[in-house]
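Put chain B on the given structure of chain A with help from the hints.
Heads up: the protein sequence lines correspond to chains A and B, in order. Okay, so the first sequence: first residue is 7 according to my numbering, each after it adds one. Okay, so the second sequence: first residue is 6 according to my numbering, each after it adds one.
Treat the hints as calculated values from the structure; they're not laboratory data. Honestly, I wouldn't trust all of these hints.
[To be verified] Within a straight-line C-alpha distance of at most 30 Å, the following computed DSBU-like cross-link-like pairs (lysine-lysine) qualify:
no.	chain 1	residue 1	chain 2	residue 2
1	A	Lys94	B	Lys235
2	B	Lys235	A	Lys20
3	B	Lys7	A	Lys72
4	B	Lys7	A	Lys94
[Unchecked claim] To give an idea of the interface, some chain A residues facing chain B are shown, with a C-beta separation under 10 Å as derived from the structure:
no.	residue
5	Leu52
6	Gly55
7	Asp76
8	Tyr80
9	Pro85
[What the hints assert, rightly or not] Reference excerpt, derived from the structure (chain A facing chain B, CB under 8 Å, subset only):
no.	residue
10	Ala54
11	Arg57
12	Arg78
13	Thr79
14	Tyr83
15	Ala90
16	Leu91
17	Lys94
18	Met95
19	Ser99
20	Phe103
21	Lys106
22	Leu107
23	Arg108
24	Asn109
Glycine included, C-beta positions come from ideal geometry on N, C-alpha and C.
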Amino acid sequence: MLDIKLLSFRYQFKTILSQLSFRAVTGEILHITGPNGSGKTTLMSLLAGLRKEAGGTIEYRLPSGKAAEDRRTYVEYLPAEANALFGKMDAMSNLRFWRKLRNLEASDASIRAVLKKWDLDHPLVRQNFPVESFSTGMKRRLALARLELSETPCWLLDEPLYGLDTKGIETFQLMLDEHLKKGGITIIVSHDITPLERFPLRRLDLLQEARA
Amino acid sequence: MKRFLTQYRALLWQALQVEWSNSERWMSPLLFSTTMILLFAFAFGKVDVAFLPQLYIAATYLTASFSLQIAFSRVLEPDTQDRVFDQLRTYPISPSAWFLSKYTIVILLGALILLPTLFLSNLFLNNEGPVSLLNSSVLIVAVLMLLSLGAIGVLLSTMMLRSNAKQILYPLLYFPLTVPVLLSAVESSRMILVDGKDLSYLMSSWLGLLVIFGIMYFTLCLLLFGELVKPE
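So that you can see chain A by itself, here it is in the shape it has in the complex (with noise of 0.2 Å):
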């Protein structure tokens, strides 16, 4: 479970989020909603470890409910507007890469499955081939393969379905039906609700929660 309690961050001199207290719960989406400018992603980095809180705390409660020492061990952050990917090496090379940064073991063939879920198993796509010269959708497709490769409890999914096809959508789909069944928690920021709908779904209303 991720328990945010009295969340307060300003930038400069703005209040962007106002002692704002949330809990996200195992098994469900929860989706945060709000005008552009209301703070969802400053509220997603906040929660991934980028920023700063000004006041409240989050964390992360393991099954036993003692807090985390380190959260960012169970949360695996997609940012909206970029994928996190090593331009100049390869679909295997960059996958290799983030899962031995949490130490997880990270073979060929465990990679190889998860990159043929993402239709990018192709010899001449996952190897030797920079993921520089990937398209939009490979990339994307790319990151949520890394998301899935990561394999931990808590997902922070901004803007996930930018540049996805249907087959990608599909796919994400399946991912996230499985990381729910497996009690994984996941909070998403997206614009593009209707192929969330058939999730168990709980909207945080950032405006509304400004307001309040």
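Then chain B, alone, in the frame of chain A:
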């Protein structure tokens, strides 16, 4: 410890792969260095043997200092693309493993520029070979200088990523911080080549200062790096 080593190896291997796939990043400082040494050689022409060591030291360290600055300022460039640096900050990475991997790559990159610079400088300036300018003591001094400058290089490149001042910040901080290191390296080399002193003698003077600055910069940069990658 196992986690630390795995992360260190992964970060270092990735950095090596990126450098290898983009040889322009180390090739251009090396070409810059070769051009500068050539210019010095042409400008000075035939030089009095007694003056040769001083010229060698001045030309080599000036060239090395600028070339290394160019190389170091670009060391985190691949991480800036596609928000890789931010993604790394969201991972449970040991800041020490991260710093040490960058430091290792900086030292390797620096050696790839510094060693040919020393060799080419000796070749071009000392083309008639009346005195030996490139000896093991001078090499040790140059490597010690590189070890100190490398730590500053990693820290300042990271600071550049996290600061709004970006381009202006690096030269502004790099030069004052490198002055003591460069001065002690130049003085140590001069005492070796001109006065014929050995390393054990120099340890109680300029070389000692170089070692102290090296340890101080490495420790400070290792500690400060952790602060730089923390949440803003």
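Structure-based check of all given hints:
Proximity of Lys94/A to Lys235/B is assessed by CA-CA distance (about 27 Å); at most 30 Å being required, the pair is judged to hold. Taking the CA atoms of Lys235/B and Lys20/A, the gap is near 22 Å; set against the 30 Å cutoff, the hint holds. Our distance criterion of 30 Å between C-alpha atoms is met by Lys7/B and Lys72/A, whose separation comes to about 25 Å. Annotation: proposed proximity of Lys7/B to Lys94/A holds, straight-line Cα distance about 28 Å (limit 30 Å).
Nearest Cβ of chain B to the Cβ of Leu52/A: about 8 Å, under the 10 Å cut. The hint holds. The beta carbon of Gly55/A is positioned within 10 Å of a beta carbon in chain B (closest approach about 5 Å), and the interface hint is therefore held. The restraint placing Asp76/A at the interface with chain B holds, with a minimum CB-CB distance near 5 Å, inside the 10 Å limit. Annotation: interface hint on Tyr80/A holds; nearest CB of chain B at approximately 9 Å, less than 10 Å.
Restraint check, Pro85/A versus chain B: the minimum CB separation of about 6 Å is within 10 Å; hint holds. Interface restraint check for Ala54/A: the shortest CB-CB distance to chain B comes to about 4 Å, inside 8 Å, so the restraint holds. The criterion of a C-beta within 8 Å of any C-beta in chain B is met by Arg57/A, whose closest approach is roughly 5 Å, and the hint holds. For the restraint placing Arg78/A at the interface with chain B, the shortest Cβ-Cβ distance is roughly 4 Å, inside the 8 Å limit, so the hint holds.
At about 5 Å, the closest approach between the beta carbon of Thr79/A and any beta carbon in chain B falls short of 8 Å, and the interface hint on this residue holds. For the restraint placing Tyr83/A at the interface with chain B, the shortest Cβ-Cβ distance is roughly 5 Å, inside the 8 Å limit, so the hint holds. Using the Cβ-Cβ criterion of 8 Å, the hint placing Ala90/A at the interface with chain B is satisfied: the shortest such distance is roughly 3 Å. This hint holds: Leu91/A has a C-beta 5 Å from the nearest C-beta of chain B, less than the 8 Å allowed.
For the restraint placing Lys94/A at the interface with chain B, the shortest Cβ-Cβ distance is roughly 4 Å, inside the 8 Å limit, so the hint holds. A cut of 8 Å between beta carbons decides the hint on Met95/A: the least distance to chain B is about 6 Å, and the hint holds. With its C-beta approaching chain B no nearer than about 6 Å, Ser99/A sits inside the 8 Å limit, and its interface hint holds. Interface hint status for Phe103/A: upheld, as the beta-carbon distance to the closest one in chain B is roughly 5 Å, under 8 Å.
Checking Lys106/A against chain B by beta carbon gives a least distance of about 4 Å; that is within 8 Å, so the hint holds. Interface hint at Leu107/A: satisfied, since its Cβ lies 5 Å from the closest Cβ of chain B, which is below the 8 Å cut-off. Nearest Cβ of chain B to the Cβ of Arg108/A: about 7 Å, under the 8 Å cut. The hint holds. The interface hint given for Asn109/A is met, as the beta carbon of that residue sits about 5 Å from the closest beta carbon of chain B, less than 8 Å.
The structure is consistent with each of the numbered hints, conforming to all of them.
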